[in-house]
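Construct the entire structure; sequences and hints are all you get.
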Amino acid sequence: IDMLRHSATRSLFERRDVIVVASISCIYGLGIPSEYLKAAVPFSVGETLNLRGSLRELVNNQYSRNDTEIARGRFRVKGDVLEIGPAYEDRLVRIELFGDEVEAIRYVDPTTGEILQSLETINIYPAKHFVTPKDRLESA
Numbered sequence: 563i564d565m566l567r568h569s570a571t572r573s574l575f576e577r578r579d580v581i582v583v584a585s586i587s588c589i590y591g592l593g594i595p596s597e598y599l600k601a602a603v604p605f606s607v608g609e610t611l612n613l614r615g616s617l618r619e620l621v622n623n624q625y626s627r628n629d630t631e632i633a634r635g636r637f638r639v640k641g642d643v644l645e646i647g648p649a650y651e652d653r654l655v656r657i658e659l660f661g662d663e664v665e666a667i668r669y670v671d672p673t674t675g676e677i678l679q680s681l682e683t684i685n686i687y688p689a690k691h692f693v694t695p696k697d698r699l700e701s702a
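Under our numbering, read the sequence shown as residues 563 to 702, first letter to last.
Hints may contain errors.
Stated by the list, open to error - No more than 20 Å apart at the CA atoms, straight line, and that leaves these computed lysine to aspartate or glutamate pairs for EDC-like:
(1) Lys690 to Glu619
(2) Lys690 to Glu663
(3) Lys690 to Glu676
(4) Lys690 to Glu665
(5) Lys640 to Glu676
(6) Lys640 to Glu597
(7) Lys640 to Asp662
(8) Lys640 to Glu663
(9) Lys690 to Asp652
(10) Lys690 to Glu645
(11) Lys690 to Glu651
(12) Lys690 to Glu658
(13) Lys690 to Glu576
(14) Lys600 to Glu576
(15) Lys690 to Glu597
Said to hold, decoys possible - Between beta-carbon pairs, the in silico distance windows are:
(16) Arg578 to Asp629: 34 to 40 Å
(17) Asn612 to Asp579: 31 to 37 Å
(18) Asp579 to Asn628: 17 to 23 Å
(19) Leu681 to Val621: 18 to 24 Å
(20) Arg614 to Asp671: 27 to 33 Å
(21) Ile581 to Gly641: 20 to 26 Å
(22) Glu682 to Ala633: 32 to 38 Å
(23) Gly615 to Glu665: 15 to 21 Å
(24) Pro604 to Ile677: 19 to 25 Å
(25) Arg618 to Asp579: 14 to 20 Å
(26) Glu682 to Gly661: 17 to 23 Å
(27) Val643 to Ile581: 26 to 32 Å
(28) Thr610 to Arg638: 28 to 34 Å
In case anyone wonders, no lab produced these hints; they're calculated from the structure.
These numbers come from a predicted model, not from an experiment.
Cβ atoms here follow ideal geometry from the backbone N, Cα and C, with glycine treated the same way.
Rendered as structure tokens:
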């Protein structure tokens, strides 16, 4: 159910043709939508990427690094490849680098490794709906 909530939230941000049918209890605990949107980590083919900074952003967005097993809410780095298991997808996002440049972004089947779709750009939304900006955490 959590994956479906994340998927619906993502669709509301990225598409105009969205209708969500859900019980009232499903919308409780969604956090602040504007903070969730601001926390998205963008990737684009051809951009220069600070890998260490991007990994820090993923961790700040409640993703955890696991270099052996990839699943929703986790990411791993193998050589020049960053793989992310978005909280809202059954597919993995594979970001291939050439040096510091994003060379390719692809959706990949997590079981077979088959490339499902190539993308030019993608936003990776937080793994949890509860997103608190750093300045708010420090002032608390």
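We went through each hint and held it up to the structure:
In summary, the hint linking Lys690 to Glu619 is supported, as the alpha carbons are separated by about 13 Å, within the 20 Å threshold. Restraint check: the Cα-Cα separation between Lys690 and Glu663 comes to about 28 Å, which exceeds 20 Å; the hinted pair is violated. Proposed proximity of Lys690 and Glu676 is contradicted: the alpha carbons are some 27 Å apart, above 20 Å. Distance hint between Lys690 and Glu665 is unfulfilled; the C-alpha atoms sit about 28 Å from each other, more than 20 Å.
Restraint check for Lys640 and Glu676: satisfied, since their Cα atoms lie roughly 17 Å apart, inside the 20 Å limit. Pair hint Lys640 plus Glu597 does not hold up; C-alpha atoms about 30 Å apart against a cutoff of 20 Å. With a C-alpha separation of about 14 Å, the suggested pair Lys640 and Asp662 falls inside the 20 Å cut-off, and the hint holds. Annotation: proposed proximity of Lys640 to Glu663 holds, straight-line Cα distance about 16 Å (limit 20 Å).
At most 20 Å may separate the alpha-carbon atoms for a hinted pair to count; Lys690 and Asp652 meet this at roughly 16 Å. Restraint check for Lys690 and Glu645: the C-alpha separation of about 18 Å stays at or below 20 Å, so the hint holds. About 13 Å separates the Cα atoms of Lys690 and Glu651, which keeps this hinted pair within 20 Å; it holds. Our distance criterion of 20 Å between C-alpha atoms is broken by Lys690 and Glu658, whose separation comes to about 25 Å.
Simply put, Lys690 and Glu576 have alpha-carbon atoms about 18 Å apart, close enough for the 20 Å limit, and the pair holds. Between Lys600 and Glu576, the direct Cα distance comes to roughly 13 Å. Compliance with the 20 Å bound is thereby established for this hinted pair. Restraint check for Lys690 and Glu597: satisfied, since their Cα atoms lie roughly 12 Å apart, inside the 20 Å limit. For the pair Arg578 and Asp629, the beta carbons lie near 38 Å from each other, so the given range of 34 to 40 Å is met.
Taken as a hint, the range 31 to 37 Å holds for the pair Asn612 and Asp579, whose Cβ atoms sit roughly 35 Å apart. For the pair Asp579 and Asn628, the beta carbons lie near 35 Å from each other, so the given range of 17 to 23 Å is not met. The supplied range of 18 to 24 Å is met by Leu681 and Val621, whose beta-carbon atoms lie about 23 Å from each other. Between Arg614 and Asp671 the beta carbons are some 28 Å apart, a value that agrees with the proposed interval 27 to 33 Å.
In this structure, Ile581 and Gly641 break the distance hint of 20 to 26 Å, their C-beta atoms being roughly 42 Å apart. Separated by about 26 Å at the C-beta atoms, Glu682 and Ala633 break the suggested range of 32 to 38 Å. For the pair Gly615 and Glu665, the beta carbons lie near 18 Å from each other, so the given range of 15 to 21 Å is met. Under the hint 19 to 25 Å, the C-beta atoms of Pro604 and Ile677, about 21 Å apart, fit the expected range.
A beta carbon spacing of about 34 Å between Arg618 and Asp579 contradicts the range 14 to 20 Å that was offered as a hint. For Glu682 and Gly661, the Cβ-Cβ distance of about 19 Å falls inside the hinted range of 17 to 23 Å, so the restraint holds. Look at Val643 against Ile581: about 36 Å separates their beta carbons, and that is not inside 26 to 32 Å. As the Cβ distance of Thr610 to Arg638 is approximately 22 Å, the hint placing it in 28 to 34 Å is violated.
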